[in-house]
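Novice: As a plain string of letters, each chain reads:
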Amino acid sequence: MAIEENRTNSGSLDEAVEHLKEAEVHLEHAREDEAKAEREVKEAIHEIEEASQHDEVNVNELEKTTFKVKIHATLQQVWDKSYKELKLERKPKDVFQTASAQPKSLMEHLQLTLEQARDRKVIENFHFGIASETGGA
Amino acid sequence: MAQIVPPTPVLDIARGIASLDEDIPRVLALFGKTAVEELGWRRPNRSSLLVPIEGTHNGVTENYVLRLGFAAYRKWPPSAQFVNPNTLTYAHPVDQHHLPILTSPECHVHANYAAANGRTLQLICCSATQEFYDTAHPVEPALIWNEQNTFYTTVAAIQKAMASFYGGRFAKL
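Residue numbers (our numbering), protein chains in the order written: chain A, 89 to 225; chain B, 37 to 209.
Hints in this document: simulated from the structure, not taken from any laboratory.
Positions of the beta carbon are idealized from the N, C-alpha and C atoms, including for glycine.
Nothing false has been slipped in among the hints.
Simulated DEER-style distance windows between Cβ atoms: (1) B:57 <-> A:209: 29 to 39 Å; (2) B:50 <-> A:175: 26 to 36 Å; (3) B:200 <-> A:127: 44 to 54 Å; (4) A:209 <-> B:54: 37 to 47 Å.
Here are some of the chain B residues that sit facing chain A, going by a computed Cβ distance under 10 Å: (5) 144; (6) 178; (7) 193.
Build out the structure end to end from the sequences listed, making use of the hints.
Specialist: What follows is the structure, encoded as structure tokens:
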């Protein structure tokens with residue numbers, strides 16, 4: 089009788105241990121899910137922040153315009169938008185450059201984003217200029 | 037496109053000075069500045085402006101002084117001459133080394149250009165300089181100077197060439 093009781097108790101204990109293991113597995117999965125959800129929330133917040141973050145750029149030619157673009161916009165995109173903002177006709181030999189007392193051509197860096205161009209010291213600020221074609225010889 | 041030879045500029049100094057007075061604030065506004073000195077420029081008299089121009093060739097950066105004259109402005113572009121920074125004038129051949137070698141198809145510097153009338157002069161051959169028209173150069177109609185331009189068009193055209201077609205300093209003679 090005592091033996092049988094012990095067997096019964098032992099069976100319950102094994103069962104309980106098994107349940108505990110299962111519960112721990114569930115908990116681990118739940119924690120993984122929670123961590124994943126937290127990452128997704130963070131990513132979503134980052135995306136929202138990026139989407140809403142715009143940096144002000146200045147572009148001049150004969151007139152000056154100021155508009156906002158994302159920090160991840162390329163110099164090519166900023167240049168393209170400049171024509172619309174300046175209501176200016178684009179000409180094939182136009183050059184996009186920095187706007188400073190000694191401007192630098194940006195034609196070899198058009199694929200860089202504003203952020204990359206700034207980090208790599210290609211530009212010092214977000215002030216740009218368009219130099220139009222002239223005749224000469 | 038077919039090129040034409042525009043008429044020769046007519047001088048009107050009073051109008052040139054008035055137009056310069058009018059355009060300086062307009063150009064400064066492009067840079068968010070309020071005085072030409074903030075850009076390193078100088079106005080030695082009412083009808084001229086001195087603009088430092090920088091060029092880098094083979095890792096060597098050199099400085100030049102561009103003198104803009106406004107005797108026919110704004111109907112015509114400013115006169116543009118690189119000058120000796122000490123005398124603020126240009127005499128060939130002694131001042132030749134104060135000139136940058138510029139060989140852009142849109143802007144070419146000649147140290148001693150012989151014009152058709154027998155006159156010789158420094159010529160920044162670019163449709164944004166008065167000398168280009170003084171020497172009767174042919175040009176595409178779309179590229180002829182128009183009165184919507186300002187003297188900054190001239191500066192920008194020269195700086196544009198300096199950025200990509202600068203070949204160092206002319207030799208000292």
